[in-house]
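Enquirer: Here are the chains, one letter per residue:
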Amino acid sequence: MISEQIESLLDSVQKPARYMGGELNCILKDWDSVKVHYAFAFPDVYEVGMSHLGSRILYDIVNRREDALCERVFMPWTDMADLMREKKVPLFSLETRTPIRRFDMLGFTLQYEMSYTNILEMLDLAGIPLHTAERTWEDPVVIAGGPCAFNPEPLHCFVDAFSIGDGEVNILQTVDVVRQAKEEGVSREECLLRLSQLPGVYVPSLYETDYNDDGTIAAFRPLREDVPAVIRKNMIPDLESAAYPTAPIVPYMEIVHDRINIEVLRGCTRGCRFCQAGMIYRPVRERSRERVMELIRAQLKSTGYEEVTLSSLSTGDYSCLKELTREMMEEFSKEKVGISLPSLRLDSDLEEVLEETQKVRKTGLTYAMEAGTQRLRDVINKGITEEDLLTSVSGAFMKGWSSVKLYFMFGLPTETTEDLDGMAEVSRKVAECYFKTPKQLRAKGLRIHCSASCFVPKPFTPFQWEPQDTLQQFDEKQRYLRGIMKIKGVEFNWHTPEVSFLEACFARGDRRLAAVLEEAWRGGCRFDGWTDCFRFDSWMEAFEKCGVDPAFYANRRREKGEILPWSFIDAGVTEAFLWSEKERAEAAKTTADCRKGCRGCGLKRFEGACVGR
Amino acid sequence: MRMLMEFAKGDTIRHLGLLDLQRTMQRALRRSGLPVAYSNGYNPHILMSFASALSSGIPGDAELVDVALGEERTEEECLQAMRRALPPVMQPGRVRLVDDRFPKLGKLLTHAGYRYAVTGPDSEALLESLASFLAKEEIMAVRKSKSAETLVNIRPMIRKLEGAKAENGVTLDAAVSFTEAATLKPDLLFATLLREAGLQETGCRIRRTGLYTERDGHLIPLIEA
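Those protein sequence lines, which keep their order, are chains U and A.
Each residue of the first sequence is one higher than the one before, counting from 1 in the working numbering.
Each residue of the second sequence is one higher than the one before, counting from 1001 in the working numbering.
Just so you know, these hints were derived from the structure itself, not from any lab.
Mixed in with the good hints there might be a few duds.
[Unchecked claim] Here are the simulated lysine to any residue pairs, SDA-like style, with alpha carbons at most 25 Å apart:
no. : chain 1 : residue 1 : chain 2 : residue 2
1   : U       : Lys29     : A       : Val1089
2   : U       : Lys336    : A       : Gly1033
3   : U       : Lys334    : A       : Leu1047
4   : U       : Lys334    : A       : Asp1099
5   : A       : Lys1107   : A       : Phe1050
6   : U       : Lys15     : A       : Ala1081
7   : U       : Lys334    : A       : Gly1033
8   : U       : Lys399    : A       : Ser1049
9   : A       : Lys1185   : A       : Gly1106
10  : U       : Lys15     : A       : Arg1205
11  : U       : Lys15     : A       : Asp1011
12  : U       : Lys334    : A       : Met1048
13  : U       : Lys29     : A       : Ile1013
14  : U       : Lys301    : A       : Arg1073
15  : U       : Lys336    : A       : Arg1084
16  : U       : Lys336    : A       : Pro1087
17  : U       : Lys301    : A       : Asp1099
18  : U       : Lys336    : A       : Ser1049
19  : A       : Lys1165   : U       : Glu4
20  : U       : Lys301    : A       : Phe1050
21  : U       : Lys301    : A       : Arg1205
22  : U       : Lys334    : A       : Ser1049
23  : U       : Lys301    : A       : Thr1074
24  : U       : Lys336    : A       : Met1048
25  : U       : Lys301    : A       : Met1048
26  : U       : Lys87     : A       : Asp1011
27  : U       : Lys301    : A       : Arg1002
[Stated by the list, open to error] Some residues of chain U that are not near chain A, with every Cβ distance over 12 Å (derived):
no. : residue
28  : Met1
29  : Tyr19
30  : Met20
31  : Asn25
32  : His131
33  : Gln197
34  : Val230
35  : Asp258
36  : Lys301
37  : Thr303
38  : Lys334
39  : Gly400
40  : Ser453
Glycine included, every Cβ here is placed at the ideal spot set by N, Cα and C.
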C-alpha cells in the first residue's frame, strides 16, 4: 500500500532516483527474520548522504549481524517532503519502504550543525514525537553519532542517546542493549539507563545543567549515581581488524563522491589548531597496504567503479602511499582505474605519487593553505610554507595540470589586513608559476579556484575559547577580499557569513539552543546548509522568540576554567593540552607533528593508543 | 568486434535518465569481465552507445546497446557474463556479435514500439475512437523540440495502432516512426489521440516494447538488422 503511494509520488518529484532504492549491493533482509530493525538516517539528501563513508561502514556492520537488519533513509528534498505531508505518506526506508516509526532503532549521523533542522523534519515526517520525553516503545530508540556528537547539547531533548567517538564497536553494543531490553520487556527508561552504561554513550535525559546569572554553566551533573559523570569517547585500537564493506552500494543516480572510497588511515597528528577532526579522531591508525589492496580489489569487482579515492584526513601522511599507488597502478591501470587523493599536504614528498596517479585519469589538485601569511599559518599551526605550495604547483603545471583549487579561511584569531592581502599574494604567485611554465609543457586554460570560508571555532580545538568575528567584521573582510582577488586566472568564491555564524552558535551551543532549533524548524527552516533554502531572518526570529542571544555563543570569548557545554566529554585530548596550544598560537609558536615526539595531548591515557610512537 | 545486446529498463528504474542508465551499464560492463574497449585521452571511457535514449519515466522491454570489444568472445560467453553483471531489473535479452564495420544502430533504427496501459472511465471510448482516428489522412499536432515548435502531420508516422480491452481498462500497441527526420514521441501520440476523440486526461502508463528497422516492408527487431 505505502509502496504504491510512494510510486505515484515519484512521478511528480525532482530526481525520483533519490527515493527509488533497489540499487546494486543494497541489502534486503526478511523483516521477520531478525530481532532488531535499525534505520540509519542521514539528515541530508540522498546524493550527499550516500557519499558519506561512515554511514556505509555502519550499514555494513549492522547488516553483518544475523539478528539485525539496517536500512537507509535520507532527508527528502523539499518537494518530496511537502508531498509526503500532503498525501500522508510517512518517512520510509529505501530498502523495504517500511515506515521509519516501525524500526526499533533510528540512528542519525551528525556531520554538520546546519543539518539539525532536517533531523526535526525527519522525525516529524516519520510521525515520531520530537522530544525524548514523549516517546514510547511505539517509537524507535533515537541515537545520534558523528563529529557533531562531540557537543551533543543543542540536540539534548530530541535524541535519546548519543554515541561519541568511533562507531564501529559501539553501534553493535547499542543494538545488543536494545534487543535485550525488548526481549526482557523492560521499560523504555530502563533501556535508556542501560544504554548510558555503555562506553561512550551519553543519555542526555539522565543529566541536568545549572546556569550562572551571566549565562555561563554553573554545574552539569548526572541525575543518578550510577550514571557516569564523564563520557569518554569510543576508540577502536586499530583499523586492520575493523570491519569494512567489500560490496558497497552503487547508486543509480550520480552522487557527490561517486567512486570507491578506501579509508587508509584515521586520525591526524599534524595538530592544525582550527581543525576539530584533527583533534577528535586521534590517534593515527593505519590500514596496511595489503589490506587496502584487498579491499580495493573486492570493491572494484563488486561495483564496477572506475575510480578509487584513498581517503583520510591527510592521505599524504599514509606511510606507504608511494608503494601503494605504484602497486595500484601496476595492477589496475589496464582496467583504466583512476586514483584520487584528497587531503594531500604539500610538505609531504608526493611528486612520485602524483606522477603515478595521473597515468590513467587526471584529477583535480587542491591545496588547503588556510591562511595568507606565514605568521598566521604559524598561529593556526598549518605547517606549510608558500615555498612548498609554489614548488608543488610549478611541478604540477609542468606535468600538464592547469586547474588548481586553493582553500583559505578568514576571521582566524589574530588576523589582520596583512593576512587578507597575503591570500591575494599567494593566488597571484600561483598564477605566475603557471605563466612561467614553458608553453609547450603546460596545459591550456589556467583555472585557480580560490575559496575563502569564514572561520568557525569548534569544540575540542585550541580555539574553542575564541570569539568568532561578528557578521559585520565578516562582511567588511569579505568585501575587501572581493576587491583584491580580481586576478587573472583566479576565480574567487566565498561563503555566506550568516551560515557560519549559525554554525558557530550550534557548534558551541548548550541546552538552551534546543528551543531555538525547534522554533526555527517550526518557522519553516530546513536544509539550512543549502543556500537556496537558508532563511536567516527566520533564524533570528527564533532566537528572539526564545530570548536567546546568538552572540553569546558565537562572538563571546570564554575564560579559562569556564565549564563548557562539552566539558563532560573526554575526547582524548585534554583541556590542559588545548589551552597550552591556544597560548602557543597567541605567540605564533608552532607545535611539530607528534610522530616526531609526543606533545602530551592526552591520548596516551588510552590503553593501546599511540603505540610505538 | 562489437556486441549488440538487448536489455530491459525495468519498471522500478523507469525514472532513470540516459546518463544514469549509461553509468549503470558501464559499471555492469566493468564488472562483467568482458574485454571492453576504451577511448583514449585523459578520461578514458568504455566505447559504448545506446541505439536510442529512452526518456526518464518510461520503462523499456528491449532496449539496445552497442559495445566495442577488444578481444574475441562468443555470444554465449557475453550473455552469461552480462546476466551475472546486470541487476535483475536490467537483464539482457539477446546478444549478437557483429563486425566493426557493421553500421551504427542509430542509422538502422526506423521505428519504435510502445504499449499504453490506459485506465479510467474514458478508456473504452478511446478504444472505440481508434478506427476513425486511423482513417484520417492528416492529423496535425505540435511537435516541440529544444528550439522550436512546429505543426506537423503525424499520421504518416503512425505505422501501427491497435487496441484491446485489458483487465483495468485498455491496452494500445503502437509502432511509430523513429528516424532523425521524423520521430513521433509516444506522449504526443497519446495526447493527440485524446484530443481527436474529445476525451479528457486519463491514466496512462507508457512502455517501450521494442526498437525496429524496416526491411522489405516489414519491421524486424533492430538486433536482427
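Enquirer: Take a quick look at whether Lys301(U) and Asp1099(A) sit within 25 Å of each other, Cα to Cα.
Expert: Answer violated: Lys301(U) to Asp1099(A) is near 29 Å, above 25 Å.
Enquirer: Tell me if the straight-line CA distance from Lys29(U) to Ile1013(A) falls inside 25 Å.
Expert: Distance of about 21 Å is within 25 Å: holds.
Enquirer: Beyond 12 Å from chain A, beta-carbon-wise, is Gln197(U)?
Expert: holds (44 Å)
Enquirer: Hey, Lys301(U) versus Arg1002(A), does the alpha-carbon distance stay inside 25 Å?
Expert: holds (23 Å)
Enquirer: So if I understand the rule, the pair passes when the alpha-carbon distance is 25 Å or less; does Lys336(U) with Ser1049(A) pass?
Expert: Given that 25 Å is the threshold and the Cα spacing comes to 19 Å, the pair holds.
Enquirer: Would you mind confirming whether the straight-line C-alpha gap from Lys301(U) to Met1048(A) stays at or under 25 Å?
Expert: holds (20 Å)
Enquirer: Evaluate the condition: distance from the CB of His131(U) to the nearest CB of chain A exceeds 12 Å.
Expert: His131(U) clear of chain A: closest Cβ-Cβ about 37 Å, beyond 12 Å.
Enquirer: Checking a non-interface call: every C-beta of chain A should be farther than 12 Å from the C-beta of Asp258(U). Is that right?
Expert: violated (8 Å)
Enquirer: Keeping to a limit of 25 Å between CA atoms, is the pair of Lys334(U) and Asp1099(A) held or broken?
Expert: holds (24 Å)
Enquirer: Non-interface claim for Tyr19(U): all C-beta distances to chain A beyond 12 Å?
Expert: violated (9 Å)
Enquirer: Would you mind confirming whether the straight-line C-alpha gap from Lys1107(A) to Phe1050(A) stays at or under 25 Å?
Expert: holds (12 Å)
Enquirer: Would the non-interface assignment of Lys301(U) survive a Cβ cutoff of 12 Å against chain A?
Expert: Given that some Cβ of chain A is not farther than 12 Å from that of Lys301(U), nearest at about 7 Å, it is violated.
In terms of the numbered hints stated before, the structure departs from hints 6, 8, 17, 21, 29, 30, 31, 35, 36, 37, 38 and 39, listed from lowest to highest.
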